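Top line first, the protein sequences correspond to chains A and B.
For the first sequence, the residue numbers in the numbering used here are 1 to 157.
For the second sequence, the residue numbers in the numbering used here are 1 to 971.
Keep in mind the hints are simulated off the structure, nothing from the lab.
Small disclaimer: the values here were computed from a predicted structure and weren't measured.
Among the hints, a few may not be true.
What the hints assert, rightly or not - Simulated restraints, written as ranges between beta carbons of each label pair:
hint, chain 1, residue 1, chain 2, residue 2, range
1, A, Thr99, B, Val441, 24 to 30 Å
2, B, Glu358, A, Leu19, 44 to 50 Å
3, B, Ala402, A, Asn112, 57 to 63 Å
4, B, Glu355, A, Arg118, 50 to 56 Å
5, B, Val361, A, Ser65, 39 to 45 Å
Glycine residues also receive a C-beta, built at the ideal position from the N, C-alpha and C atoms.
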Amino acid sequence: MLGLGAARLEADMNRLMALLFHQGVLDEQFMQLQQLQDESSPNFVSEVISIYFRESEKLLKNLRSLLADRECTDYRKIGIHLNQLMGSSSSVGAKRVRTVCLAFRAASEHNNWSGCLRSLEVLEHEYCYLKTKLHELFQMEQQRVMAAGARYHPLLS
Amino acid sequence: MVVCCKGSALSRLWKSKDQQVQQLKHYQPQNSKGGGNWRKKFLFLGILLGVLVSIWIFLSMNANIIARRKETLANMCDERARMLQDQFNKTFAEYTARTAFERPLTNGVAYALKVLHSQREEFERQHGWKIKKMETEDQSPVQDDYTPEKLDPSPDQDEYAPVIFSQETVSHIVSIDMMSGKEDRDNILRARASGKGVLTSPFNLLKSNHLGVVLTFAVYNADLPPNPTPEERIEATVGYLGASFDVPSLVEKLLHQLASKQTIVVNVYDTTNSSAPIKMYGLDVRGAGEIHISNVDFGDPLRKHEMHCRFKHEPPLPWSAITTSLGVAVIVLLVGHIFYAALNRIEKVEDDFREMRELKVRAEAADVAKSQFLATVSHEIRTPMNGVLGMLQMLMDTELDATQQDFAMTAQASGKALIALINEVLDQAKIESGRLELEAVPFDVRDVLDNVLSLFSDKSQGKGIELAVYVSDRVPEVLIGDPGRFRQIITNLVGNSVKFTEEGHIFVSVHLVEEVKSSCDFSNQVIRDSEDGIGMSYNTLSGFHIVDRWKSWENFRMFKFSTEASDAINLLVTVEDTGVGIPQDAQSRIFTPFMQADSSTSRTYGGTGIGLSISKCLVDLMGGEIGFVSKPGIGSTFSFTAVFQEGRKNLGDMRRHHPDPPVSDFQGMRGLVVDGRCMRAEITKHHLQRLGIHVDISLNSKSALSGILEACNLSGAGHLDMVLVDKEAWGEGSGLAFPRLLAEFRQNGLMKPQENLPKMFLLATSLSPTEVDDLKSAGYTDTMMKPLRPSMIAACLRKALGVGSKRQREKGQAMALRSLLSGKQILVVDDNAVNRKVAAGALKKYGAEVTCADSGKAAIQMLQPPHKFDACFMDIQMPEMDGFEATRQIRSMETKVNELIKSGEASSEMYGNVAHWHIPILAMTADVIQATYEECIRCGMDDYVSKPFEEEQIYSAVAHFFESGTVDSVS
Numbered sequence: 001m002l003g004l005g006a007a008r009l010e011a012d013m014n015r016l017m018a019l020l021f022h023q024g025v026l027d028e029q030f031m032q033l034q035q036l037q038d039e040s041s042p043n044f045v046s047e048v049i050s051i052y053f054r055e056s057e058k059l060l061k062n063l064r065s066l067l068a069d070r071e072c073t074d075y076r077k078i079g080i081h082l083n084q085l086m087g088s089s090s091s092v093g094a095k096r097v098r099t100v101c102l103a104f105r106a107a108s109e110h111n112n113w114s115g116c117l118r119s120l121e122v123l124e125h126e127y128c129y130l131k132t133k134l135h136e137l138f139q140m141e142q143q144r145v146m147a148a149g150a151r152y153h154p155l156l157s
Numbered sequence: 001m002v003v004c005c006k007g008s009a010l011s012r013l014w015k016s017k018d019q020q021v022q023q024l025k026h027y028q029p030q031n032s033k034g035g036g037n038w039r040k041k042f043l044f045l046g047i048l049l050g051v052l053v054s055i056w057i058f059l060s061m062n063a064n065i066i067a068r069r070k071e072t073l074a075n076m077c078d079e080r081a082r083m084l085q086d087q088f089n090k091t092f093a094e095y096t097a098r099t100a101f102e103r104p105l106t107n108g109v110a111y112a113l114k115v116l117h118s119q120r121e122e123f124e125r126q127h128g129w130k131i132k133k134m135e136t137e138d139q140s141p142v143q144d145d146y147t148p149e150k151l152d153p154s155p156d157q158d159e160y161a162p163v164i165f166s167q168e169t170v171s172h173i174v175s176i177d178m179m180s181g182k183e184d185r186d187n188i189l190r191a192r193a194s195g196k197g198v199l200t201s202p203f204n205l206l207k208s209n210h211l212g213v214v215l216t217f218a219v220y221n222a223d224l225p226p227n228p229t230p231e232e233r234i235e236a237t238v239g240y241l242g243a244s245f246d247v248p249s250l251v252e253k254l255l256h257q258l259a260s261k262q263t264i265v266v267n268v269y270d271t272t273n274s275s276a277p278i279k280m281y282g283l284d285v286r287g288a289g290e291i292h293i294s295n296v297d298f299g300d301p302l303r304k305h306e307m308h309c310r311f312k313h314e315p316p317l318p319w320s321a322i323t324t325s326l327g328v329a330v331i332v333l334l335v336g337h338i339f340y341a342a343l344n345r346i347e348k349v350e351d352d353f354r355e356m357r358e359l360k361v362r363a364e365a366a367d368v369a370k371s372q373f374l375a376t377v378s379h380e381i382r383t384p385m386n387g388v389l390g391m392l393q394m395l396m397d398t399e400l401d402a403t404q405q406d407f408a409m410t411a412q413a414s415g416k417a418l419i420a421l422i423n424e425v426l427d428q429a430k431i432e433s434g435r436l437e438l439e440a441v442p443f444d445v446r447d448v449l450d451n452v453l454s455l456f457s458d459k460s461q462g463k464g465i466e467l468a469v470y471v472s473d474r475v476p477e478v479l480i481g482d483p484g485r486f487r488q489i490i491t492n493l494v495g496n497s498v499k500f501t502e503e504g505h506i507f508v509s510v511h512l513v514e515e516v517k518s519s520c521d522f523s524n525q526v527i528r529d530s531e532d533g534i535g536m537s538y539n540t541l542s543g544f545h546i547v548d549r550w551k552s553w554e555n556f557r558m559f560k561f562s563t564e565a566s567d568a569i570n571l572l573v574t575v576e577d578t579g580v581g582i583p584q585d586a587q588s589r590i591f592t593p594f595m596q597a598d599s600s601t602s603r604t605y606g607g608t609g610i611g612l613s614i615s616k617c618l619v620d621l622m623g624g625e626i627g628f629v630s631k632p633g634i635g636s637t638f639s640f641t642a643v644f645q646e647g648r649k650n651l652g653d654m655r656r657h658h659p660d661p662p663v664s665d666f667q668g669m670r671g672l673v674v675d676g677r678c679m680r681a682e683i684t685k686h687h688l689q690r691l692g693i694h695v696d697i698s699l700n701s702k703s704a705l706s707g708i709l710e711a712c713n714l715s716g717a718g719h720l721d722m723v724l725v726d727k728e729a730w731g732e733g734s735g736l737a738f739p740r741l742l743a744e745f746r747q748n749g750l751m752k753p754q755e756n757l758p759k760m761f762l763l764a765t766s767l768s769p770t771e772v773d774d775l776k777s778a779g780y781t782d783t784m785m786k787p788l789r790p791s792m793i794a795a796c797l798r799k800a801l802g803v804g805s806k807r808q809r810e811k812g813q814a815m816a817l818r819s820l821l822s823g824k825q826i827l828v829v830d831d832n833a834v835n836r837k838v839a840a841g842a843l844k845k846y847g848a849e850v851t852c853a854d855s856g857k858a859a860i861q862m863l864q865p866p867h868k869f870d871a872c873f874m875d876i877q878m879p880e881m882d883g884f885e886a887t888r889q890i891r892s893m894e895t896k897v898n899e900l901i902k903s904g905e906a907s908s909e910m911y912g913n914v915a916h917w918h919i920p921i922l923a924m925t926a927d928v929i930q931a932t933y934e935e936c937i938r939c940g941m942d943d944y945v946s947k948p949f950e951e952e953q954i955y956s957a958v959a960h961f962f963e964s965g966t967v968d969s970v971s
């Protein structure tokens with residue numbers, strides 16, 4: 001019964017991932033990330049992702065505060081933040097976030113305050129979406145591991 | 001005539017107009033209809049004008065004719081009148097001058113004497129007759145038996161004018177008193193008063209009964225004063241001279257003298273009394289047409305005469321005017337018709353043209369739509385297909401049982417096939433829409449061919465067919481062109497050959513066009529191979545009969561015309577197989593897209609038939625030509641030419657599928673190829689030579705054996721390192737048996753101990769398991785599976801001869817990377833925690849021990865010699881201190897230390913026993929552009945990898961300095 005649940009969970013996970021791939025939220029890099037996860041580092045992906053979320057939230061907060069005042073906006077700083085966000089996003093394979101960052105950066109390079117603000121909103125939206133979906137994914141993963149563990153535990157012991 | 005000229009001028013005008021319109025039409029098609037209408041109006045106007053002109057011509061000519069007729073009439077009339085007048089006047093002038101009575105036209109002349117009543121008696125007495133009265137009371141016509149004797153004597157009067165002399169013809173009037181006739185009396189009175197000749201009104205002449213007039217002159221006595229008054233004239237009158245004129249005969253005679261009397265009718269009238277003119281001459285024939293009236297002056301001012309002339313006949317129809325104008329009209333109408341027809345034709349053609357262009361636009365739009373559709377759909381399919389394939393890959397990475405694995409693999413293979421097909425369709429669409437552009441990058445032809453060969457090696461081995469490639473030595477190593485597309489063409493052709501060949505061989509050869517052209521006679525063994533087959537076995541790669549491949553390129557432009565000398569490299573690639581061949585009837589449409597030899601082909605062999613058409617397009621794009629020759633049952637040979645540029649050899653960024661096999665390992669070795677088939681031996685030799693091995697060929701076992709023996713006895717330079725024997729050197733399995741001969745020699749003691757014996761290799765397309773077992777016992781060191789590729793040969797030789805590197809490419813890159821990186825201490829410098837984590841994770845996966853640093857400064861601290869790190873991956877974009885700056889500082893640090901060691905100020909022991917410090921630093925960057933790369937090198941970095949990491953890239957970057965690094969540390 002539990003084993004069946006694990007299989008179903010895995011199928012759900014794959015479906016969700018396929019959806020995310022199809023929507024372009026994620027790209028191959030995420031898969032490569034998953035390949036890096038093995039016995040020696042069983043929680044590699046979730047670790048990376050949680051770091052990513054932590055960093056990104058910090059960056060987003062900074063960006064938000066930088067764009068608070070129209071008059072004294074430091075576009076250079078915005079650019080640096082965006083580069084960081086872009087770098088980490090491409091590392092985890094968050095394709096859409098990265099794309100929005102690109103647009104954001106273009107806007108910041110033109111000192112286009114309203115464009116920046118719009119991009120920030122889109123970025124936040126994309127980020128939230130990614131976050132929810134990945135959380136969903138990790139939850140399933142956890143359940144699967146738990147289910148698998150529940151199944152295999154007696155055998156191992 | 002005028003109209004004709006006008007017509008031609010018009011036509012010229014029209015023509016030029018047309019041309020203009022045509023040209024205009026090119027740009028404004030919508031106006032053409034209006035233009036046509038306008039032209040038609042113009043045409044009708046022209047025709048109308050022409051008809052009007054012809055009518056005008058008719059009218060003017062007709063008027064001309066009528067005027068001339070009138071003039072003729074007037075002339076004739078006037079002429080006659082003048083003559084008549086002249087006749088009168090002249091006659092009388094002469095008459096008076098010469099008193100000659102004998103005049104032809106005067107009927108009769110008589111002289112009457114003025115006799116007063118008082119003198120009558122005496123006069124009558126003198127003459128013996130009485131003065132007689134002229135007429136009886138009745139005015140009845142004069143009878144023929146008119147005799148003066150019967151006339152009554154004249155009654156008493158004041159005066160008498162009895163005729164005393166008369167011409168013979170009128171002798172009957174002698175003694176008649178002229179005063180007694182009313183007409184005559186008036187005449188006489190007027191004549192003697194005026195002193196001029198006086199005419200009577202016309203009357204019937206006595207006796208002749210003709211209409212006539214009498215002209216009377218008065219004769220005066222000598223003492224008439226000059227400028228006399230009438231009274232004086234009357235007084236001086238002595239007598240009267242009278243002449244009667246017979247007008248009809250006069251006119252008749254006159255008219256006879258003139259020509260064309262038949263054409264006109266002449267009437268002469270006395271019009272003294274204008275209300276009742278008296279007709280003096282003329283018939284009552286009613287002439288036609290108009291009358292011309294001429295005045296005739298007979299010398300009597302009191303009398304007026306007129307001559308009326310008219311043409312006898314109706315004026316003839318003005319034929320000349322009619323014909324001319326009709327002719328003009330006809331010409332105008334004809335010309336009009338011609339133009340009308342031409343205009344209609346032009347209009348029709350224009351309409352057709354418009355229609356065609358519309359259709360063309362629509363067809364083009366449809367074509368573009370098709371291409372776009374294909375491109376879009378292909379692209380759209382590819383995106384989800386990537387997802388499918390990715391997921392399948394992921395699925396296969398999970399734990400599956402054998403069946404599931406099999407299913408998944410099948411699904412993936414199908415998916416890949418679908419992707420390949422979609423790529424082909426996309427290519428076709430791209431080519432058709434003209435969007436395909438060729439690259440121009442340096443590449444190695446041999447490398448491309450090896451790559452293609454390796455692609456098909458599985459299939460050819462599975463089928464047991466020979467697959468070989470030969471690249472002429474004259475082909476430069478590095479060419480500039482589009483390797484991907486070049487590879488695609490060859491892959492298509494070889495793929496086809498593999499598909500349709502069940503036994504025999506597939507042979508790919510690459511030559512320079514110039515080389516082939518110049519060697520038409522003999523020279524190159526490989527080029528010139530086909531026709532000297534002996535018996536059943538032909539001198540080909542597999543001994544099968546092949547088609548004459550010369551025919552496949554004999555129509556090429558490059559061969560027919562000498563190419564201009566330039567730095568362009570014209571390659572001729574031939575792919576020859578011994579397959580089923582192409583049926584004659586299908587050969588013409590072989591390059592048509594989606595067309596296979598016949599529909600059963602697709603059932604038997606699969607495929608879309610798009611490959612050859614793409615190949616043809618690509619060859620066209622490369623400035624070459626493609627051709628083939630094929631005979632069913634014998635095989636096909638496809639040839640194509642392509643134009644490339646020669647590239648410089650040392651180009652670091654050349655694209656390679658395999659890194660060049662290290663040639664140096666085998667440099668100077670000697671090998672012997674034992675093969676009964678010369679072609680095959682040549683190709684084996686060719687591949688070995690590429691590795692730097694000096695090769696001899698033995699075509700039969702005897703020479704091979706003697707060669708080996710000789711080499712064994714020799715030491716040093718003549719030493720033989722390897723012997724390569726084909727499995728089917730002289731027929732089935734003969735290669736496998738070859739070492740036995742050697743063994744026999746050895747047993748016979750003809751050979752020295754074993755260690756000198758060269759390594760034996762068997763070349764085979766396929767081996768059964770039993771044969772594999774037999775190998776070792778037969779005396780072979782190893783086998784080389786065909787198709788031969790330098791990399792494969794090199795690997796095999798390395799294994800057998802124990803030379804070369806630790807690299808084992810065959811085991812896969814991941815393994816290689818793992819072996820390279822395991823246990824290595826690597827520092828990852830990145831401010832971005834995520835990136836750091838990922839990079840670390842990736843490198844850990846390959847067994848490296850990773851330390852992380854989050855800033856440039858931290859990295860400098862950690863890399864202060866001595867340190868334990870083997871390599872450093874450095875992010876370029878970091879706040880505070882970026883990767884470039886950090887690297888610069890690290891390098892300067894290292895230099896300092898190195899100098900210290902060198903100068904002996906510090907012993908190398910202090911710095912970890914390393915004589916020369918240089919840590920490989922690899923840049924990590926997201927934007928891989930050339931400028932970044934150059935910047936990296938400039939500030940002392942060794943290489944760069946792009947983020948996110950790719951296995952292959954890390955491998956190629958790391959491999960290069962870790963090998964040297966190990967060498968360094970070893971030394």
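Verdict for glutamate 358 of chain B, leucine 19 of chain A (Cβ pair) under range 44 to 50 Å: Once the Cβ atoms are compared, 47 Å apart, the range 44 to 50 Å for leucine 19 of chain A and glutamate 358 of chain B holds.
Asparagine 112 of chain A and alanine 402 of chain B - C-beta distance against the hinted 57 to 63 Å: 59 Å, holds
Cβ separation of glutamate 355 of chain B and arginine 118 of chain A, checked against the hinted range 50 to 56 Å: The hinted range 50 to 56 Å holds for glutamate 355 of chain B and arginine 118 of chain A, with Cβ atoms some 51 Å apart.
C-beta pair valine 361 of chain B, serine 65 of chain A: status relative to the range 39 to 45 Å that was hinted: 58 Å, violated
Status of the given 24 to 30 Å range, CB of valine 441 of chain B versus CB of threonine 99 of chain A: Holds - the Cβ-Cβ distance for threonine 99 of chain A and valine 441 of chain B, about 29 Å, lies within 24 to 30 Å.
Violated hint: 5 only; the structure is consistent with all others.
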